[in-house]
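J.: As a plain string of letters, each chain reads:
Number of protein chains: 2
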Amino acid sequence: MQIPEEISGLRMTRQRQEVYRFLMEGRSHPTANEVFMHIKEALPNVSLATVYNCLEALVQHKIVRKVNFDREPSRYCPNLDEHGHFHDETTGTIHDIKFKPGINLTDLLDLPANTVISDIEITLRGQLA
Amino acid sequence: MQIPEEISGLRMTRQRQEVYRFLMEGRSHPTANEVFMHIKEALPNVSLATVYNCLEALVQHKIVRKVNFDREPSRYCPNLDEHGHFHDETTGTIHDIKFKPGINLTDLLDLPANTVISDIEITLRGQLA
DNA sequence: AAGGGAAATTAGAACCATTCTTATTTGTAT
DNA sequence: ATACAAATAAGAATGGTTCTAATTTCCCTT
Numbered sequence: 001m002q003i004p005e006e007i008s009g010l011r012m013t014r015q016r017q018e019v020y021r022f023l024m025e026g027r028s029h030p031t032a033n034e035v036f037m038h039i040k041e042a043l044p045n046v047s048l049a050t051v052y053n054c055l056e057a058l059v060q061h062k063i064v065r066k067v068n069f070d071r072e073p074s075r076y077c078p079n080l081d082e083h084g085h086f087h088d089e090t091t092g093t094i095h096d097i098k099f100k101p102g103i104n105l106t107d108l109l110d111l112p113a114n115t116v117i118s119d120i121e122i123t124l125r126g127q128l129a
Numbered sequence: 001m002q003i004p005e006e007i008s009g010l011r012m013t014r015q016r017q018e019v020y021r022f023l024m025e026g027r028s029h030p031t032a033n034e035v036f037m038h039i040k041e042a043l044p045n046v047s048l049a050t051v052y053n054c055l056e057a058l059v060q061h062k063i064v065r066k067v068n069f070d071r072e073p074s075r076y077c078p079n080l081d082e083h084g085h086f087h088d089e090t091t092g093t094i095h096d097i098k099f100k101p102g103i104n105l106t107d108l109l110d111l112p113a114n115t116v117i118s119d120i121e122i123t124l125r126g127q128l129a
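First to last, the sequence lines map onto chains A and B. Numbering follows our numbering, in which position 123 of the first sequence is assigned residue number 123; successive positions increment by one, without gaps. Numbering follows our numbering, in which position 38 of the second sequence is assigned residue number 38; successive positions increment by one, without gaps.
None of these hints come from the bench; they were simulated from the model. Warning: the hint list may mix true and false statements.
You can't tell identical chains apart in this list, so a pair holds if it fits in one copy or across any two.
[What the hints assert, rightly or not] Restricting the straight-line Cα-Cα distance to at most 25 Å, the calculated cross-link-like pairs of lysine to any residue (SDA-like) are:
1. K40 to V116
2. K62 to L48
3. K62 to T90
4. K98 to L109
5. K100 to D88
6. K62 to G126
7. K66 to T13
8. K98 to F69
9. K40 to T106
10. K98 to A113
11. K40 to N79
12. K100 to R14
13. K62 to E89
14. K98 to C77
15. K62 to Q127
16. K100 to L128
17. K40 to D110
18. K66 to N53
Just need the whole structure built from these sequences, with the hints factored in.
T.: Pasting the structure below:
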């Protein structure tokens, strides 16, 4: 799995490839440490700082999204579509939540005039009964 | 400003009163440290750990909400109505955002079946042009 | 009003995700 | 092939928050 061409300007290193590959393969919203543990199998000398650097580079280039739940360790999400996250308190797993068709979130909010929104985050917590 | 009666079970201490008072007076979404700095004027020997304890107690008793923006220091919000937060990147200030009348957020999301939602958080980032 | 026991407070140590620093290595344009 | 900018590794540093242990305070019972 190669990082696509459109990400030029981002120097292609073994470490970035592995981080990218792991994010794309699993649909697990891993933390930096989870990425670290996994890619160590392929790259035994990789450092945690490098994993953070790679993830940051991917975030900057809008290849992945960084998502936060409370102040838990940040997680990284390869789904770039606008979506929210459901955090299942029973299993600890995270599910992407799509909006129903035709929904424009900012239309539903009572925003101050002249507001330019650059980012929206929706987080739900609960249980799958 | 007294903590209301309905919060019995919560022992009323000078520290909790000051924390509560400060949260209710300002509409500033302060951090624990900001609360600490302010109530020190009235209670010079108060400790930061106590401020954390008081805030936690107020959160547990649903007198205030704890809100997080990315992994910045947690902030505390005395507004208990269901609402979102707009984080103005220019000034760093936070504004409560009401939903337009009649909006039920979960109706607009493509949730898995049998989902019980216990909490929703909406965060917007941007600028007031 | 006094005593006792549970709960809250204090001070500082500990924790842990993340960032920073510095020396070394690696990619890539020339 | 070379050189230079950028990325990596290792570990130290940072900073918000939580924990620990000793002390103090609240409040119920007498």
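J.: So, for every hint listed, does it hold in this structure?
T.: Results for each hint:
When the C-alpha separation of K40 and V116 is checked against a cutoff of 25 Å, the pair qualifies neither within a copy, at 41 Å, nor between copies, at 37 Å. Only within a single protomer do K62 and L48 lie at most 25 Å apart by alpha-carbon distance; the minimum there is 21 Å, versus 38 Å between protomers. Proximity of K62 and T90 under a CA criterion of 25 Å is satisfied inter-copy only: 22 Å between copies versus 31 Å inside one chain copy. For a Cα distance limit of 25 Å, the shortest separation of K98 from L109 qualifies both inside one copy, at 18 Å, and across copies, at 6 Å.
Taking CA atoms no more than 25 Å apart as the test, K100 paired with D88 passes inside one copy only; the shortest distance there is 20 Å, against 27 Å between copies. For the identical chains of this complex, K62 and G126 are inter-copy neighbours only, at 17 Å across copies versus 29 Å inside a copy, given an alpha-carbon limit of 25 Å. When the C-alpha separation of K66 and T13 is checked against a cutoff of 25 Å, the pair qualifies only within one copy, where the shortest distance is 21 Å, while the shortest distance between copies is 40 Å. In this assembly of identical chains, K98 and F69 lie within 25 Å of each other by CA distance both inside one copy and across copies; the values are 18 Å within and 21 Å between.
In the homo-oligomer, the alpha carbons of K40 and T106 never lie at most 25 Å apart, since the shortest distance is 42 Å inside one protomer and 40 Å across protomers. Within a single copy, K98 and A113 get their C-alpha atoms only as close as 27 Å, which misses the 25 Å cut-off; across copies the closest is 13 Å, which meets it. When the C-alpha separation of K40 and N79 is checked against a cutoff of 25 Å, the pair qualifies only within one copy, where the shortest distance is 24 Å, while the shortest distance between copies is 46 Å. Proximity of K100 to R14 under the C-alpha cut-off of 25 Å is found in neither arrangement, the shortest distances being 39 Å within a copy and 49 Å between copies.
Taking the closest pair of Cα atoms, K62 and E89 come within 25 Å of each other only across two copies (19 Å); inside a single copy the shortest separation is 28 Å, beyond that limit. For a Cα distance limit of 25 Å, the shortest separation of K98 from C77 inside one copy, 14 Å, qualifies, whereas the shortest one across copies, 28 Å, does not. In this homomeric assembly, K62 and Q127 come within 25 Å of each other (Cα to Cα) only across copies, at 20 Å, whereas the closest approach inside a single copy is 30 Å. Taking CA atoms no more than 25 Å apart as the test, K100 paired with L128 passes inside one copy only; the shortest distance there is 19 Å, against 28 Å between copies.
Taking the shortest Cα distances, K40 and D110 never come within 25 Å of each other, neither inside one copy (47 Å) nor across copies (36 Å). For the homomeric pair K66 and N53, the shortest alpha-carbon distance inside one copy (13 Å) is at most 25 Å, but the shortest distance between copies (30 Å) is not.
Checked against the numbered hints given earlier, this structure breaks hints 1, 9, 12, 17; the rest are met.
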